[in-house]
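Enquirer: Hints are included, so try docking the two chains, each in its own frame, into the full complex.
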Amino acid sequence: MRVEYINPFVEAAFDILKEVLGDDVQRGELYLKSTSKSVMGVAAFVGLAGNVEGRVLFDMSMETALAIASEMNGETLTVLDDLGKATITELANMITAQAVTKLHDLGFVFDLTPPAIFTGENMEITDNEVEALIVPVITKQGKIEINVAVRERT
Amino acid sequence: MNAVIENNETFVNKNLENINFKMVAFSLAGKDYSIDIMKIREISKAKHFTYVPNSLPYVKGVYNLRGDIISIIDLRTMFNLPTVSSDGKQSDEIIILRLEDYLLGVIVDSIDKVVGIESSTIQPPHPIFGDINIKFIQGVVEKDQRLYIILDVERIFGQEALIDEVAPAEYHAPERFSEDKVEEISMGFIAETLRTFSKFNVTDLNNRWVDKRFDEWKTLRGNSSEALQLHSEADSDEFLSKFYSSDTGRFWSDDYRNSVGTLFESNMAGAIRIWNPGCGKGYETYSLAALLSERYKDASIKIWANDKDLMSISNAPNLIIDKQNLPEYMDKFVIPVNDKFQFGQELKDIILFEYHDITHPNTFPEVDIIIARDILSFLSYSDQLRMIAEFREKLKSGGLLLIGENENIYSDDWKMVKSSNITAYKKV
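Protein chains in written order, with our numbering: chain A, 1 to 154; chain B, 1001 to 1428.
So here's chain B without its partners, still in its complex pose (with noise of 0.2 Å):
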């Protein structure tokens, strides 16, 4: 008797569990995923689909369901998992999503059942979720021992139809990407885990340097979509150690010394204004200090000199510097300070370095050149755009703006100028 109430009252705990999710649970190469069940229209079985051609890869065709002509697609190839060669003569089991505004089919390996749970107990997704971006991924949760992985479909499939009107920008895929999805998916990682690891953003400006690092680091990683994936600060710090301009973080060598000099105009005289956001520890400040004050000997020179990095620009207006790391063209303008170096008056009067945030009001007079090397790419794009604005409207008419050498800019504000392999921006 005792046993028939126990029993009774954990079947009664059990329905007062509150199950306010229902969702239906299949199978994917051998691990269970799910979908919300309100997304859900119907389950159904089919085969022959009408081809069409040129279509995305994973699109396997379109099929009529009563009536109403509906995309199918393969989850399979989607995500980039192996596919299983089938003779056409079995059907396969389809899930018609009721998205937004249109039915999409999606082809599994297996459905389940339908599966109800207490949506407070969906965990959210781990960063690195195998061969799955992360942003597709709703959650998870644990049912009967089992974890079921929660699609995000109006994600998945909703952003394929977006991508070009909402984003065009944010990572724009180039046109070959569209021919292979696991490439744009790898690809559309890659982009994600730089934002978070080194809050660097792919986007018009640097996307065709992302492409071809990305090309090379098939080459280095190999071509297995884990092994491409960035999972560490570190993994994305290499992917980036090709980004930086040449002489970043030291003193410019006698040939970049010579490139940039050779951008700016020769008759520049009376005041000569220059921003130089994003100086760091100042060693380009400096190097461009003393470029200037060589070449334009009568001219007043000022250069505004910031970074948002407390750490870094501390020093810099007091820079000591190592015999061995001090280039010949500056031994005039250092004064030794026991056995180092200090710069003496003359270049220090010319700089004024401010701890500052460039997105915040920039409250200085025009100048006639800026220098922001590999400095907008870790903004995000709202603020690249902005920053472009600003730095426009900052120059003077003719004004010059040096950027990343890996970065571009297309519009037609800006002229190009070359000298060697740097490229500078003057204001049209």
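The following block holds chain A by itself, in its conformation from the complex (with noise of 0.2 Å):
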């Protein structure tokens, strides 16, 4: 993945946690993976075009979900329902944003797709021939894994 791309998603993921979730928020060693991937339990999806092609996914357990759209919410969730999963995939979209006009700034041109959440257990992510950078984050209510696959179009 191109260098230049790395920091604005780090910083948006770092910032809009933060943001939303309170300053307790920590950042993992980034890494690159190109195998499938099993997927924590909820996962929600932002496409990219443009320029580039490619997507963001961000993988976190059940619990971490709900306990992060309570948070948001400022309501305890107990299931995953229609809010909880809209709470999640506006997350996604914020961070995605902000990224995105981060890089807009730097002089890259990212258009979004609608973002889309899925959920369930034992789930596996396999894109062929796509390399991607993992940022994970570690908040106070769970681990969320950013995992980041852009390639420049050719």
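Don't take every hint at face value.
Said to hold, decoys possible - Using C-beta positions, here's what the derived DEER-type ranges look like: (1) B:S1300 <-> A:A49: 20 to 28 Å; (2) A:A49 <-> B:V1337: 33 to 41 Å; (3) A:D15 <-> B:A1269: 43 to 51 Å; (4) B:K1031 <-> A:N128: 49 to 57 Å; (5) B:K1332 <-> A:S70: 57 to 65 Å; (6) B:S1120 <-> A:L112: 54 to 62 Å; (7) B:T1262 <-> A:F118: 53 to 61 Å; (8) B:D1383 <-> A:S70: 40 to 48 Å; (9) A:D82 <-> B:G1249: 51 to 59 Å; (10) B:Q1345 <-> A:E121: 49 to 57 Å.
Unchecked claim - When the alpha-carbon atoms are kept at most 30 Å apart in a straight line, the in silico DSS-like pairs for lysine-lysine are as follows: (11) A:K143 <-> B:K1308; (12) B:K1340 <-> A:K102; (13) B:K1031 <-> B:K1143; (14) B:K1199 <-> A:K33; (15) A:K33 <-> B:K1348; (16) B:K1308 <-> A:K102; (17) B:K1348 <-> B:K1396; (18) B:K1143 <-> B:K1022.
These are computed hints drawn from the structure, not numbers from a lab.
Every residue gets a Cβ at the ideal spot worked out from N, C-alpha and C, and that includes glycine.
Expert: Put into structure tokens, the structure is as follows:
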């Protein structure tokens, strides 16, 4: 992945999560991954288009998703209902949008697709021939793995 | 009475210890070793072995064991321990091993006894264990205040037979080593520690350099196997310090730049595509970009530069350079920023720096040139083969591959081209 793309995504994730969840947000070590990856339980997905092609996946466990949705809504959710799903989707959208804005300022033009959310157990995501940057973020509510796969259109 | 009961209890407790591993203990140069009893067929005493000409130095000869002809190996010679001269009158103590498909006798100093232990008390060997290569040691165990080193006989003797069949390319010992087992063991140990400490894999790609370096190393360190071994990452780095190609981690010198330049076709035009994996901090890539953009003014040049070390590559797109590190040929490509310099858009537009691991899928079109200096040696043997195949696939026909100065590819798929001290490979 192009080096210039890394920071905007990391910063956006960090800034937004801090803003909505409070200061207790830590960043794990970044790494690259290319094989298929198991999904923890709730995955929010935003596609990227424009000069590039790719996608951003926000992966977390059901407990983390519930805790985050509860925190953001100011009420305790026990099941991931429409409100909970909408909240997680919105969070994915906020982070991606801010990253894309930062990238735009650097001269890279990206478009977003509307976010989608997947929930279920024992899911695995396989996208062939794609290398993803993994940004682990540890919050008080649990771990979120942001999985960014972007490549230049050639 | 009480004392008797107590004694009895300890006796019972002692018996409760779960003995599920028995080994034959023996001594060799004053140290206690042992071998799993299941691998041993019998223990014997013998002398006057039939000498076999032209065999390895540690092969004492062959012996007729009730009709079976078995080879006899001197463990002292094999492990590079000082040999005691025997007058030939005394019988040697021999352990007859039953390996997967043959019998083998090993001479030891003296056989001690059978020791029973609990297999869970066996501890893994320490990475640096005296004179014997760690992979030959199954573990260490303490029993009655004595420390036994358990030898992995399948590995020691099995491997000798396998070395040519199974792993011909993973460090293929050159001919002369087979005459001298001591060196082979030291060399094998070095190959192993280079892999552990520096992820450097000794294979066909680089073993010429490693052999040469090993000779240098001997003059540097002395001949004792202890001094030769690499004990730490620092040792390993020092061993490899001469491995890296010229002008690694800095801008290319005029000489190097000229040598590389003469390798390139003079008539490249249109779109020139280059792949530069393992670009590190980017000095190499900028040197290359400057060279190409001067030589091929009308061409559209694109360099894909990648590295899997995020710390190195993250500053590459906006590299800041001190005046004293800036070669003259770069002057026209940089712009001053405070009292330092940065590259202008001209070179930046040519290069695409990517955080990328080349063992993952490489998704870009065919290229004219690949510059991958000193990176293949740091991949596993199978990845080395895979990457060389992938380089070939990604290159246009007649395309040029530049690898490290101390790396060599021997294959009919590639034609060697030379320019002063640089060797490159043309896709045939």
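Enquirer: Now look at each hint and say whether the structure bears it out.
Expert: Hints and how they fare:
| no. | hint | result |
| --- | --- | --- |
| 1 | B:S1300 <-> A:A49: 20 to 28 Å | holds, 25 Å |
| 2 | A:A49 <-> B:V1337: 33 to 41 Å | holds, 34 Å |
| 3 | A:D15 <-> B:A1269: 43 to 51 Å | holds, 47 Å |
| 4 | B:K1031 <-> A:N128: 49 to 57 Å | holds, 55 Å |
| 5 | B:K1332 <-> A:S70: 57 to 65 Å | holds, 60 Å |
| 6 | B:S1120 <-> A:L112: 54 to 62 Å | holds, 57 Å |
| 7 | B:T1262 <-> A:F118: 53 to 61 Å | holds, 56 Å |
| 8 | B:D1383 <-> A:S70: 40 to 48 Å | holds, 46 Å |
| 9 | A:D82 <-> B:G1249: 51 to 59 Å | holds, 55 Å |
| 10 | B:Q1345 <-> A:E121: 49 to 57 Å | holds, 50 Å |
| 11 | A:K143 <-> B:K1308 | holds, 24 Å |
| 12 | B:K1340 <-> A:K102 | holds, 26 Å |
| 13 | B:K1031 <-> B:K1143 | holds, 14 Å |
| 14 | B:K1199 <-> A:K33 | holds, 19 Å |
| 15 | A:K33 <-> B:K1348 | holds, 27 Å |
| 16 | B:K1308 <-> A:K102 | holds, 24 Å |
| 17 | B:K1348 <-> B:K1396 | holds, 24 Å |
| 18 | B:K1143 <-> B:K1022 | holds, 12 Å |
Hint violations for this structure: none, all hints satisfied.
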